[in-house]
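Student: Build out the structure end to end from the sequences listed, making use of the hints.
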Amino acid sequence: MQSMLLQLAEGMATSVAIFVLTLLFSLPLGMLVALARMSKSRLLSGLMRIYISIMRGTPLMLQLLVVFFGPYYLLRVNLGSGYRFPAVILAFVINYAAYFAESYRGGIASMPRGQYEAAQVLGYSRAQTFAHIILPQVVKRVLPSVTNEVITLVKDTSLAFVLSVTEMFTIAKAIAAAEKTMIPYLAAGIFYYVFNFVVAMLMERLEHRLNYYR
Amino acid sequence: MYILEIDNLYKQFGGNPVLRGVSLRIAEGEVVSLIGPSGSGKSTLLRCAALLETMDRGTLRFSGRTAAAERDSRSVYAPRQQLHQLRRNFGLVFQSFNLFPHYTVLRNLTDAPVRVAGRSRAEAEDEARALLQKMGLADKAGAYPCELSGGQQQRVSIARALAMHPKILFFDEPTSALDPELTGEVLSVMRQLADDGMTMLVVTHEMSFARDASDRTLFMADGVIAEEGAPEQIFSQPQNPRTRQFLSGVLGR
Ligand SMILES: Nc1ncnc2c1ncn2[C@@H]1O[C@H](COP(=O)(O)OP(=O)(O)OP(=O)(O)O)[C@@H](O)[C@H]1O
Ligand SMILES: [Mg+2]
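Going down the list, the sequences are from chains A and B. Start counting the first sequence at 7; every next residue gets the next number (this note's numbering). Start counting the second sequence at -8; every next residue gets the next number (this note's numbering).
Honestly, the hints are just simulated from the structure, not real lab data. The beta-carbon is built from N, C-alpha and C at its ideal position, and this holds for glycine as well. Be careful, since some hints might not be right.
Reference excerpt, derived from the structure (chain B facing chain A, CB under 10 Å, subset only) [to be verified]:
1. Arg38
2. Phe88
3. Tyr94
4. Val107
5. Glu138
6. Ala152
Tutor: So this is what it looks like as structure tokens:
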């Protein structure tokens, strides 16, 4: 029992690590993708469009497998089992960046022209306008849809099991099979529920903090 | 030397000619009102002057410095860096205010002076508070735009434009988005500015403002300035039948 809990705790740490690392990279990367998608360069915006549609149009589980096995089947390089965890992070990051990019793009497109024009007349450069006038307002506008993605990510972390990364769900499954008990599944359920609850609460708090203006 | 000089301005949108040879000179301290029917091109003229639209043809100068010259019947604009400098010459007050909603009133007034003009924050704040005082908004420095009435927001946006020390202020129907009871407070601030010697170009549907507060009135129709002169003359003895027709419509006689 003791060791079972210990193993589960280890799994939880891995799940949380996947969650945090994915957000750390995909939130900013999504902004770059959104800007590239909206760029005047047809090539760049076309490429981003294809990338986003593939990420959104295929299962994340398949993307995990491609990212992990791709290097071997395509390039015949064996990255070894040390590549499992990085592969999970890479797959999650490129997948979530695509979703975040679409949110950001919607938020940026919803900004009234008048904000750009007022800034331009006051002499702000384009970069200043984006960084100080547009971006802070976009953050507020996209927060609800970003929150949805973030909560989906909590549950998606369990998909790492397909690459046998020992996150929470993988471990629960292994113990349940070995010990013939449902308890690990119960523990896993509670874990994901609490994880989600905490994330939702933090996002709500953030939303609240941005409510000082309309 | 004129603060603003526009010569022979042409502008079309997708083959639809909106401005068809407009010339305009505004001297220091002049208050010019621009009236005319909807769709006649008043906003487009103002937006060309504020560098928000590019002219197809014609020249544009601020205090003798060229923003756009004409070559082979096309407007050729100065390099970006130079245009950036020339923007210091004017401010623009929009119909829809366009305040920055995530900044307080004070920050709306100080952000550009600090970030763009490189003034010190303390200096910018002192000046912003003085401007707010003048606008009758001294107690609103810490408020957000969404907490203000339309009339207050428009006065803040006038103050925001003034904080950059423009040589000329453009107004595009500054009271059209306001309830009638809020129009007066904005107009009285504008009258005060005019009395203080501010150079202004005001697109307006407020005929009383054009008549009493401006030095010169331009009547625009179908993309040209069809008539111009002293307001007394335009309003009491319009020469052009288009002007007469328009005034009898808006003045109800
Ligand atoms: N960005 C644009 N694209 C296409 N057409 C435009 C654009 N801006 C203005 N127009 C057209 O140019 C004409 C003149 O518009 P403008 O806004 O300058 O008129 P206005 O005199 O300011 O009218 P109002 O009194 O209604 O504000 C209109 O027919 C309008 O539809
Ligand atoms: Mg207009």
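Student: Look at each hint and say if it fits the structure.
Tutor: Checked hints:
This hint holds: Arg38 of chain B has a C-beta 9 Å from the nearest C-beta of chain A, less than the 10 Å allowed. A cut of 10 Å between beta carbons decides the hint on Phe88 of chain B: the least distance to chain A is about 8 Å, and the hint holds. The interface hint given for Tyr94 of chain B is met, as the beta carbon of that residue sits about 8 Å from the closest beta carbon of chain A, less than 10 Å. With a least beta-carbon distance of about 4 Å to chain A, the hint placing Val107 of chain B at the interface is held under the 10 Å criterion.
Using the Cβ-Cβ criterion of 10 Å, the hint placing Glu138 of chain B at the interface with chain A is satisfied: the shortest such distance is roughly 9 Å. With 10 Å as the threshold, the beta carbon of Ala152 of chain B comes within range of chain A, its nearest partner Cβ sitting at about 8 Å, so the hint holds.
Of the numbered hints given earlier, the model fails none.
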